[in-house]
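Build the complex from these two chains, which are given one at a time in their own frames, with help from the hints.
Given next are the chains, with one letter for each unit.
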Amino acid sequence: MSRFAFSREAIVPEAHRQAVSDPVAGAYASFEGWVRNHNDGRGVQRLEYEGYEALGVKEGEKIVAEACERFPVARARCVHRLGVLDIGDLAVWVGVTAAHRDAAFAACRYIIDEVKTRVPIWKKEHYAEGDSGWINCEIRSADAPAGSAPP
Amino acid sequence: MAGQSHTAPIAVRVEYFAVLREHVGQSREDVRTTAATVGELYAELDRRHGFPPLGRVKVAVNDEFREWSAPVRDGDLVVFIPPVAGG
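In order, the protein sequence lines correspond to chains A and B.
With the working numbering, the residue at position 55 of the first sequence is 72, and numbering never jumps.
With the working numbering, the residue at position 55 of the second sequence is 71, and numbering never jumps.
Bound conformation, chain B alone (with noise of 0.2 Å):
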């Protein structure tokens, strides 16, 4: 479900992994946003580091794979995933 921005900025921790890490330049960061999804927190990051075309790009919160409508809450832990290749 997606709420309402948050009124005042949480603190949420972001990891970067493959070409993301790579085009960001750093494994994690520290953010203060007032956004109230992972949707909206992946549109402001992409807007601050103008992200790679990247195909279908999913998300996990708290390393448990979410919708993008999920909430971001103060203290979460947020991975985008793009397209995996194992094997």
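Just chain A, same shape as in the assembly (with noise of 0.2 Å):
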């Protein structure tokens, strides 16, 4: 079973936080990422998320992967969640256990660091006078870096 997964029910962290339990494992460090009320100054009602699952998947399996081979970590696991949110939601969770704290908190950092910049996952607010905006996406064209398009 890949250690990165997508879903589109709510994230149950215990029952995450089982699949990386180890009789080593004298620490566990746990993300979770939950969906706030606001953005950039602007009340945000829900957000949606969308991803490239095929290739999303194998990006997030192979950040675990990194994470496990630059810290001494005994398990760890990353889900996503798709779909329509709500204020409070819990977005992604990230666990981690490690003989010791430090390498759990720093694979835990370095998945859900990595987890945002690289995995193909967008999102869309909902904000509160009714308008929307994928994150990232919506640039001005005063604001796009020259060259930075595709060749």
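Everything labelled a hint here was simulated from the structure, so no lab data went into it.
Any given hint might turn out to be false.
[To be verified] Below, in silico cross-link-like pairs of lysine-lysine (BS3-like), each with a Cα-Cα straight-line distance of 27 Å or less:
| hint | chain 1 | residue 1 | chain 2 | residue 2 |
| --- | --- | --- | --- | --- |
| 1 | A | K141 | A | K79 |
| 2 | B | K74 | A | K79 |
| 3 | A | K133 | B | K74 |
| 4 | A | K133 | A | K79 |
| 5 | A | K75 | A | K133 |
| 6 | A | K141 | B | K74 |
| 7 | B | K74 | A | K75 |
| 8 | A | K141 | A | K75 |
[What the hints assert, rightly or not] Between beta-carbon pairs, the in silico distance windows are:
| hint | chain 1 | residue 1 | chain 2 | residue 2 | range |
| --- | --- | --- | --- | --- | --- |
| 9 | A | S38 | B | H65 | 44 to 52 Å |
| 10 | B | G66 | A | P89 | 49 to 57 Å |
| 11 | B | E38 | A | N56 | 13 to 21 Å |
| 12 | B | D46 | A | D119 | 47 to 55 Å |
| 13 | B | R44 | A | V101 | 18 to 26 Å |
Beta carbons are placed, not taken as given, at the ideal position from N, Cα and C, and that holds for glycine.
What follows is the structure, given as structure tokens:
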């Protein structure tokens, strides 16, 4: 089973916590990303996540494997939600176990940071005013860096 | 490596996600093209659909990240990846 997964259902941390339990582990670190009610000074009512799942699972698994090579961890997992989420919902969960806490914290941080920049997941925010926007994609032409478009 | 354009059109499937899916109005389209690389294919579809300015777009062929100079072959699945925003 891949150590990175997408979920269209609510993520239940307790179930995934069991999957990283290990007799050698003296430390467990987890990260939960939640849906907040504001971004960039605007009120947010709900979020929508869309994923390119076939590539996303491969890239996510690669990130977890990298974390396990870089840090002496026992087990690591990551689950990311897709679909429509409300304020307070759990959007992403990362769990890492290790013999000692330093590796558990470091690997957990590595996984969430890499997932945010590398896994093909897109987030659409629905605002209090009724409009919506895809985060990191809505570039005013004045903001577009020169030469950033594909060749 | 950029190769020469195909003399006879090849058939590729293009899938769209997020802002591109909404802009094009569909999740996928079957395209006949003479583009030699995925970069040329993007330029061709940009001319057709007028993609919005997106910053740094990446590309995948058959569910693997590729360079823009990668060749496009008959039967390929090509996905253009707008800036991501997980977490």
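We went through each hint and held it up to the structure:
1. As the CA atoms of K141/A and K79/A are separated by approximately 25 Å, the hinted pair is consistent with the 27 Å bound.
2. Straight-line distance between C-alpha atoms of K74/B and K79/A comes to about 18 Å, which keeps the hinted pair within the 27 Å bound.
3. Using a Cα cut-off of 27 Å, the hinted pair K133/A and K74/B holds, with the two alpha carbons roughly 15 Å apart.
4. Between the alpha carbons of K133/A and K79/A the distance comes to roughly 14 Å, so the proposed pair stays at or under 27 Å and holds.
5. Our distance criterion of 27 Å between C-alpha atoms is met by K75/A and K133/A, whose separation comes to about 15 Å.
6. Taking the CA atoms of K141/A and K74/B, the gap is about 19 Å. The hint holds against a cut of 27 Å.
7. Between K74/B and K75/A, the direct Cα distance comes to roughly 16 Å. Compliance with the 27 Å bound is thereby established for this hinted pair.
8. With a CA separation close to 23 Å, the supplied pair K141/A and K75/A stays within the 27 Å bound.
9. A hinted range of 44 to 52 Å for the beta carbons of S38/A and H65/B is consistent with their spacing of about 49 Å.
10. In this structure, G66/B and P89/A meet the distance hint of 49 to 57 Å, their C-beta atoms being roughly 51 Å apart.
11. Checked against the given bound of 13 to 21 Å, the beta carbons of E38/B and N56/A, roughly 19 Å apart, stay inside it.
12. Between D46/B and D119/A the beta carbons are some 52 Å apart, a value that agrees with the proposed interval 47 to 55 Å.
13. A C-beta distance of roughly 22 Å is found between R44/B and V101/A, which places it inside the suggested range of 18 to 26 Å.
Taken one by one, the earlier hints all hold for this structure without exception.
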